[in-house]
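*Asks:* Sequence order for the protein chains is R and Y. Counting along the first sequence from 1, when you hit position 135 you're at 135 in my numbering, and nothing is skipped either side. Counting along the second sequence from 1, when you hit position 96 you're at 96 in my numbering, and nothing is skipped either side.
Please keep in mind that the hints were generated in silico from the structure rather than gathered at the bench. Be aware that a few hints might be false.
[To be verified] To give an idea of the interface, some chain R residues facing chain Y are shown, with a C-beta separation under 8 angstroms as derived from the structure:
#1 Val244
#2 Val249
#3 Leu399
#4 His400
Heads up, the beta-carbon is just placed ideally off N, CA and C, and yes, glycines get one too.
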Amino acid sequence: MNERTINREVSSIREDITAKRKAATAAVSRRTFVKRVSAIGAGTAVLSRVPTRPTKAQYGPPHADGLPAQQLTAMFTDMVKIRQWESKIKDLILKGGFRGVAHLYVGQEAVAVGVCSALRKDDYIASNHRGHGHLIAKGGDLKLMLAEITHKAAGYCKGYGGSLHITDVNLGILGMNGIVGASHLFAAGAAYGIKVKGTDQVAVSFGGDGSIQGNFFSSAANSAAAWKLPWIGVIENNAFQIWVRASDVYATPDLAQRAAGYGIEGRVVDGNDVLAVYGVAKQAVEKARSGGGPTLIECKTYRWYDHYGVAGARTGGDGAFGLGYRSDRELRDWMAKDPISRFRKFLVSEKVLTEAGADEITAEVRKAVEEAATFAEAQPVPKPEDGLLHVFAQGAVPLHTA
Amino acid sequence: MSITYLEAIREAQARALAEDPRVFIYGQDVGAFGGAFKATKKLAQEFPGRVVDAPISEDAILGAAIGAAIEGMRPIVEMQFADFSTVAFNQIVNQAATLHWRTQVPCPITVRLPSGGTSGSGPFHSQSMEAIYAHYPGLIVLTPATVDDAYSMLLEAVAIDDPVIFCEHKYLYYHLKAERLPTEAMPVGKARIAREGRDLTIVAYSAMVHEALEVAEELNGEGTQVEVVDLRSVKPLDTDTVMASVARTGRLLCVGEAFPWGGVTAEVVARVASEGFDLLDAPPQRLNAKDTPIPYHPTLWAAHRPTARSIAVAARNLLRR
Ligand SMILES: Cc1ncc(C[n+]2csc(CCOP(=O)(O)OP(=O)(O)O)c2C)c(N)n1
Ligand SMILES: [Mg+2]
Numbered sequence: 001m002n003e004r005t006i007n008r009e010v011s012s013i014r015e016d017i018t019a020k021r022k023a024a025t026a027a028v029s030r031r032t033f034v035k036r037v038s039a040i041g042a043g044t045a046v047l048s049r050v051p052t053r054p055t056k057a058q059y060g061p062p063h064a065d066g067l068p069a070q071q072l073t074a075m076f077t078d079m080v081k082i083r084q085w086e087s088k089i090k091d092l093i094l095k096g097g098f099r100g101v102a103h104l105y106v107g108q109e110a111v112a113v114g115v116c117s118a119l120r121k122d123d124y125i126a127s128n129h130r131g132h133g134h135l136i137a138k139g140g141d142l143k144l145m146l147a148e149i150t151h152k153a154a155g156y157c158k159g160y161g162g163s164l165h166i167t168d169v170n171l172g173i174l175g176m177n178g179i180v181g182a183s184h185l186f187a188a189g190a191a192y193g194i195k196v197k198g199t200d201q202v203a204v205s206f207g208g209d210g211s212i213q214g215n216f217f218s219s220a221a222n223s224a225a226a227w228k229l230p231w232i233g234v235i236e237n238n239a240f241q242i243w244v245r246a247s248d249v250y251a252t253p254d255l256a257q258r259a260a261g262y263g264i265e266g267r268v269v270d271g272n273d274v275l276a277v278y279g280v281a282k283q284a285v286e287k288a289r290s291g292g293g294p295t296l297i298e299c300k301t302y303r304w305y306d307h308y309g310v311a312g313a314r315t316g317g318d319g320a321f322g323l324g325y326r327s328d329r330e331l332r333d334w335m336a337k338d339p340i341s342r343f344r345k346f347l348v349s350e351k352v353l354t355e356a357g358a359d360e361i362t363a364e365v366r367k368a369v370e371e372a373a374t375f376a377e378a379q380p381v382p383k384p385e386d387g388l389l390h391v392f393a394q395g396a397v398p399l400h401t402a
Numbered sequence: 001m002s003i004t005y006l007e008a009i010r011e012a013q014a015r016a017l018a019e020d021p022r023v024f025i026y027g028q029d030v031g032a033f034g035g036a037f038k039a040t041k042k043l044a045q046e047f048p049g050r051v052v053d054a055p056i057s058e059d060a061i062l063g064a065a066i067g068a069a070i071e072g073m074r075p076i077v078e079m080q081f082a083d084f085s086t087v088a089f090n091q092i093v094n095q096a097a098t099l100h101w102r103t104q105v106p107c108p109i110t111v112r113l114p115s116g117g118t119s120g121s122g123p124f125h126s127q128s129m130e131a132i133y134a135h136y137p138g139l140i141v142l143t144p145a146t147v148d149d150a151y152s153m154l155l156e157a158v159a160i161d162d163p164v165i166f167c168e169h170k171y172l173y174y175h176l177k178a179e180r181l182p183t184e185a186m187p188v189g190k191a192r193i194a195r196e197g198r199d200l201t202i203v204a205y206s207a208m209v210h211e212a213l214e215v216a217e218e219l220n221g222e223g224t225q226v227e228v229v230d231l232r233s234v235k236p237l238d239t240d241t242v243m244a245s246v247a248r249t250g251r252l253l254c255v256g257e258a259f260p261w262g263g264v265t266a267e268v269v270a271r272v273a274s275e276g277f278d279l280l281d282a283p284p285q286r287l288n289a290k291d292t293p294i295p296y297h298p299t300l301w302a303a304h305r306p307t308a309r310s311i312a313v314a315a316r317n318l319l320r321r
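Chain Y with its partners taken away, still in its complex shape (with noise of 0.2 angstroms):
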């Protein structure tokens, strides 16, 4: 048996609706069809009344989530691509983010962003949100590279008391296959080291973490050993693990695929520069997609998002510093 990045969040989901009558899915497309990409496919025929169909109106949907999760709801959203959870931004910074700190009614609310960028897709249906949302006291926001972590990461999110944005990678949903369903879990909040090194630390976290493990074999070759962080969360941020692999290789670059100004990059390198100077043997690095819109077509998408050949660019200048 193999199970995708795809099936393991329809199978959380649906675990969660078992386990669970406060839970909910809402959003648009869920329902009798199972979403844009069908990750809850089938689950409004297995959970009947549970698994609605919301109107195009973003905010609407948040709103009306939070209401539920007032109410004692633990509501699921999907938004149907990440880029339009923008449409819903009060919703989610002023309402949901600030609910417990005004009220102590918590707000257990799981926000589904179809995240990334896919070949084709354009500046409205590639964008990585997850900064943005970091950037807010009160959301917890956690992006899965894994199969594992995708399955647990949501089933953990459905569970947490506070809002979470779970963002998912359009690219892992089909291309990324595990051998079956995890049967435990790392905490959220606890990075994981992918790949062990001594030469250098590539800090990544959702799709980018397989670019940099990419990047980690294809220097292997050439002698040298890349540590590979994935952050799994980047809100709780485990900089201890993040500081603890600088300590033994001396070097970071930190990867993203969001825009490069600010975000979750420049958060790690600030960190490291401030707690763990004196770990440095060279400037820390960060690479982002790059400060443009995303682009339509393929050339050039593939030259806005950093992939395991501009890493291994990076990587190459950073190891002669």
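With the rest of the complex left out, here is chain R (with noise of 0.2 angstroms):
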């Protein structure tokens, strides 16, 4: 083991901390520090403004209204970044050798898109195992995302994170998590850091329909809502949770009814189409910034491939068919439902876009992916030795030897 290299990665470690350390303390003296932090939890309830439970008319109509062409344009080219990008990775997976896993988002593009498109750039997410969508949604670097999930020193965690943890939280991306369920806490945590320091900043979770069962969901929603946090909560119901059908596990249609228990808006969406999505978020969001407190929102959507893997996958071709699970026929009828598709027709409808001109994005977005893959296969694999870097952010602990 170099230890040299060990040194010199610690302190460029130690003083990235630190930077960032004095960066977050500029920004909020102690004297507001503490009157913030007494105001939180006093007399905030909010139970006697919750509709009690959200209704058909709450999937409501889509709030483009008003959406520049441009941004419209930048929300179909994040969707198809989403799309490709994961095709790719399904496509490597099934030639074989590659080393990585993948829980694909392809499907669910809608969310992601409809989502972090009503978010600023220093707006907060928190991401689960599915969460390649959020990331690119959220402004994620194609390159370093499949450095990544490769594992390669040039990745977003230096190929630490994998798949399950990239991490960049200067892109306001506190990271994907193999915990079902973290993803809420994290959020809920980053929207009470939020309130403290007083700016208008917001904090999203995304986590599946099995991602609500645990204390870690409960605990955010309810402090979100006791404390008035900016968090929002988007709950994207794919109808699975690995094998099991959400439909057998709940009693309630709509898991957006849950949030009226904890005294918070509930919100049910059609998550295939992204202006909806986009719609409802942007409402929560601009609640939440302006002290509204939280807001939930289920998306009803549904994942084209296997729980993770390529099974009954294709290269070239979209969905995973004949598992044992769920039927052709119904993943069928949801690919007919494609989020791309549908905004791609709505926007050459509008005028936004001609197909001439979303056909050039689809290829200039391809042709980035490959960029990206060809860029990720050229690092170099790591060394046995770099396992041990990384343990401790300060590296003051010896590693044990025995």
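Two chains, two separate frames, one set of hints: put the complex together.
*Replies:* Structural data, given as structure tokens:
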């Protein structure tokens, strides 16, 4: 083990941390810090304002009105990016020799893009195991992400996080996470930090239909409600928790109904309609920014691939067929509601894009994805002794060698 | 006919369900789909209503199992990965482990932990938790290394009136095969001499037994006879068998796949050092995984855990002392 490399590594990390810490404390003076902390939780009950039960009407009309063509095009581009980047991962896995795992997000693109389009760069998202889409929508770099999931040093977390833990705090990405439900509490924690600092940022957590059964979620929702935190919980109801059907383990048709129990607003939205998602997210974000507290948004959608990996998938084609726990028919029905084709059709009919323009975007994205794959492939694989790095931020504890 | 370690676990559960109406299985995806690793394949169909899909809330799963046990049932809980049992830690170590001591009401639950590393699985899907649970009074911790033990010890776990943490190794699931299921078994709590030798004792458990056996074979070619002790259960820990082996060989190397701080290997070395110091011809040694989280990348992972190669190096060093 080369001690010098470790020391260099450690001191650069240390500088980094010190700089970040300085920046953070500069933003909040001690006096306001104390005052704001004591204000939190003081008589902020919100129960009275809560609609008791989300209704069909809450699927609501799209709130695209007034969105500039440029933003609509950017949203379309991001959705295509997610689709193409992940399809590339799928093809690489099918080819064999790919060093990484992937819980594919394909089919759910409208949720990530609809929500993240309503956010500012300095807003936070906390993500789960199926998070590549969230990250791309929040500005994640295709090259660095691909390098990360193949565990190369050029990746976002130097290859140590892998597909399940990509993090970039500078982009407001608090991290993907391999523990189901963790995202909700981390985002609520970030929202608490925001409240203490007194900025107008918001924090969003993405979690699946399976992520709300444990106490991470209940604690997040309850605290966010009690302290009126700028937290938005996004539940991507993609119908499955691995192989268990959500409808077999919940007695209520809409998971957003739970919001009422915590005293927060619950919304249900068509998760394959990016403008509908955007509209609901936008309202939630504006409310949170202006001190109105949290919202829970349930997006109904469907994952096109297996829980993870590529069973039933084929190179160059979409969707995983022949899986034991769902019918191909069901998948085809959902693929017919493809969020990307649907949005593309809308943009063309509204004359935001031409067919040729949309094709051009797709081709450009495809090129960027190929470049990302080539970039990641060309990076060196880690050396065995690299495994001894990064255990502590400050490296003060010698590693045990027995 | 041949049967894998995983199939043996499935068969043991089938038999437990068939023989005892108080047994039921509770865990994520264990029902119609037969579990993440297929350890409960078709059991939901064979035993309707007794193999139940659980919410993704490990503490709720364990808490409910304890409640059922107090009421007289014998639940088998499958944690999807051993790593996620940490979400249920409070229920296991505060509630289950102390229930009988506090109330004299037994807590006959079996918690199955798919444990240990496989390539590419990373920090949350690879851990070996036996040392953590063995630390707590009131828990029994089993670590089967063979198909026979996977079967017979799981049946025994279900029959025992105390909470049992059953650490089954994910690598052995598919890689280990036997001709048939055993018809008799060694008692739980008794270690097994997996290979006899007179020059060096390697104490191991779970998947590491097989790495140790490989080393024994390799060193045999060099004229050294290695004795391999398979602990089978880390709690209770069969110090007598270990001590008797060390008395024969004078040298001890203890190997575990868990992290090095504290742990099973430290416990074995401490016991031999304090109770059998005079038996030793050289300082007792131990070999564990590296003192870092478990890496994803296959190259880093291969360097992280003990393997026949690193065990052989440690064994040769010890033989030279
Ligand atoms: C605490 C915990 N328990 C179990 C798992 C295993 N696991 C990984 S993903 C998953 C299902 C998650 O379902 P959902 O939240 O609906 O997300 P989806 O995969 O459908 O996107 C499970 C059980 C885990 N990662 N963490
Ligand atoms: Mg789901």
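*Asks:* May I ask which of the numbered hints given earlier this structure violates, with the numbers listed in increasing order?
*Replies:* Hint check: nothing fails, all pass.
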